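Sequences listed follow chains A and B, in order.
Counting with full-length UniProt numbering, you get residues 1 to 134 for the letters of the first sequence.
Counting with full-length UniProt numbering, you get residues 1 to 388 for the letters of the second sequence.
To be clear, the hints were calculated from the coordinates, so they are not data collected in a lab.
Remember, predicted model here, so these are calculated numbers, not experimental data.
From the three backbone atoms N, C-alpha and C, an ideal C-beta is built for every residue, glycine too.
Treat the hints with caution; some may be incorrect.
Covered by chain B, per the in silico footprint, the following chain A stretches (three or more residues, Cβ under 8 Å) [stated by the list, open to error]:
hint, region
1, 26 to 35
2, 95 to 102
Far from chain B, by Cβ distances over 10 Å, these chain A residues were calculated [as the list claims (entries may be wrong)]:
hint, residue
3, Arg9
4, Ala54
5, Asp90
The list that follows gives simulated cross-link-like pairs (lysine to any residue, SDA-like), each with its CA atoms no further than 20 Å apart [unchecked claim]:
hint, chain 1, residue 1, chain 2, residue 2
6, A, Lys76, B, Lys194
7, A, Lys7, B, Arg19
8, A, Lys7, B, Gly137
9, A, Lys76, B, Met207
10, B, Lys194, B, Arg19
11, B, Lys308, A, Asp65
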Amino acid sequence: MNPPRPKPRLDAVNRPFWTGGAEGKLNITRCGDCGEYTHPPLPICRHCHSENVAPHAVAGTGEIDSYTINYQPWAKDLEVPFVIARVRLDGVPGVILTTNIVNCPVEAVTFDDKVRVVFEEQNGIHYPLFEKVN
Amino acid sequence: MARKEAYITGVGQSEVGVRLQRHPLLLTIDAIREALDEAGLTVEQIDGVFTYPGKVPSFLGFSPVGSDEIIEALGIKSKWHNGAMEQGAQLSAIGTAAQAVKEGLCRHVICFRTVYEAAALSRPDEYPMVRRDEVDGASQWTSPFWALSAACWTAQYAMRHMHRYGMTREQLGQIALNASRNAMKNPRARAITKEALTLDKYMSARMITSPLCLYDCDRFTDAATVVIVSAGDALDEVKCTPVRIAAMSASVDRYSWDQVEWPASYETGADLWKRTDYTPRDVDTIQFYDGFAFLPITWLEGLGFVGKGEGGAFIEGGTRIAIDGELPLNTFGGQLGAGRLHGFGFAHEAVTQLRGTAGERQIPGDPKVAVATSGGGPLAAALLLARD
């Protein structure tokens with residue numbers, strides 16, 4: 001049994017990202033003026049500096065940008081090995097999420113694999129994990 | 001020599017160990033005394049103190065001593081001091097000190113980095129780590145997925161290098177093998193490296209986070225390292241061979257480990273050469289941050305010693321980067337071989353090599369130019385050092 005995941009401290013800016021999974025939404029901050037995305041989220045668009053930014057539900061699919069098979073149990077009782085990956089999100093240029101790839105053997109993961117989001121809920125946080133699309 | 005130049009005039013180091021009992025302030029003062037002796041200066045001549053990252057109360061092992069304590073303990077009449085984490089990387093403390101002496105604010109300043117992680121973790125009652133129930137800041141984007149260590153973030157750059165350019169584990173392993181070979185010639189590395197690593201042992205080592213194995217990661221160490229920086233118009237007060245800080249850079253395009261393709265070593269490396277007439281061909285030795293073994297490869301490429309993607313092939317077999325090779329790397333053992341001194345060890349060794357005082361590990365010839373770097377991910381700082 002894995003220990004509970006480290007829990008992000010929620011605030012006005014990050015709450016849509018960490019709780020959107022309750023409605024099945026992967027929310028990424030998007031600019032209402034230039035249409036570009038800002039992640040990690042900020043109260044300003046990092047492209048055009050407009051303050052007209054809001055969470056936007058994206059497709060929730062993407063590709064593996066890079067990954068590592070982690071063997072070191074960084075916390076007591078953490079089950080290893082598991083995959084830590086960076087996922088490039090479809091339709092969200094320039095945004096990458098660090099995440100875990102789940103529901104497959106660790107050796108089944110490689111570069112450019114197509115993946116989709118699966119949310120894991122713990123203590124009110126909906127962690128966006130990803131699984132391979134067959 | 002104009003005041004507008006900054007020189008390193010003294011280097012010093014405390015005992016380097018694992019789970020030392022000696023108080024970290026005293027370790028720092030040990031290193032300061034050695035550096036002052038080397039420079040031929042007295043503490044009364046010091047008028048500034050600079051450090052990275054400043055005292056970190058949430059985990060004193062990471063940084064147990066602040067610039068204020070050195071001012072207080074040694075009675076320094078300081079004209080400028082600074083200890084801060086929000087700067088390029090560890091060696092930025094030396095860069096900030098160089099700016100202070102060039103500006104005429106100070107004449108001779110102490111720069112230090114003290115680490116006490118091994119001791120602190122072994123004595124949690126005395127050095128507790130403040131436990132937080134929630135994560136915030138940049139950590140919230142990695143920690144929830146158990147990417148708790150910079151090893152997990154660095155590993156993904158290394159995986160990309162292997163995937164795109166074909167770097168092999170045998171090539172990557174040369175960083176750790178070279179470190180261990182050199183550490184065996186460094187008396188200050190005795191507590192960290194007790195026998196030379198072999199390729200067989202490397203290849204069969206426990207994996208931490210692929211492709212980084214146990215020997216690709218530095219280990220917690222207790223030590224203080226000191227560099228004294230002096231103004232160009234104060235050199236008549238020192239009794240040593242001064243080493244000029246010929247150029248420095250600490251550039252970062254995006255402050256992130258995971259939104260960028262490669263670490264900031266590339267932008268910092270390119271900018272270093274824009275500030276000097278020296279070129280990579282002039283460099284006699286390189287001292288590159290190796291908290292994780294992949295990072296020196298990013299510095300080799302970022303500083304243009306080889307093209308992007310060529311780092312793995314360049315270090316193959318290890319002969320080019322050996323002490324008697326064409327570009328000796330981490331001649332003191334780096335952090336992998338000589339302990340996690342956290343950045344300052346690279347400046348210390350560059351100066352030692354340029355002065356020709358490195359003993360058994362001294363590189364041949366008459367070295368005049370060295371590059372020292374620190375950092376990984378968005379952290380990056382580079383110093384070009386020259387003996388005129």
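Against the structure, the hints:
no. : hint               : result
1   : 26 to 35           : violated (count 0)
2   : 95 to 102          : holds (count 6)
3   : Arg9               : violated (4 Å)
4   : Ala54              : holds (20 Å)
5   : Asp90              : holds (16 Å)
6   : Lys76/A x Lys194/B : violated (30 Å)
7   : Lys7/A x Arg19/B   : violated (32 Å)
8   : Lys7/A x Gly137/B  : holds (12 Å)
9   : Lys76/A x Met207/B : holds (18 Å)
10  : Lys194/B x Arg19/B : holds (16 Å)
11  : Lys308/B x Asp65/A : holds (19 Å)
In this structure, the hints that do not hold are numbers 1, 3, 6 and 7, in rising order.
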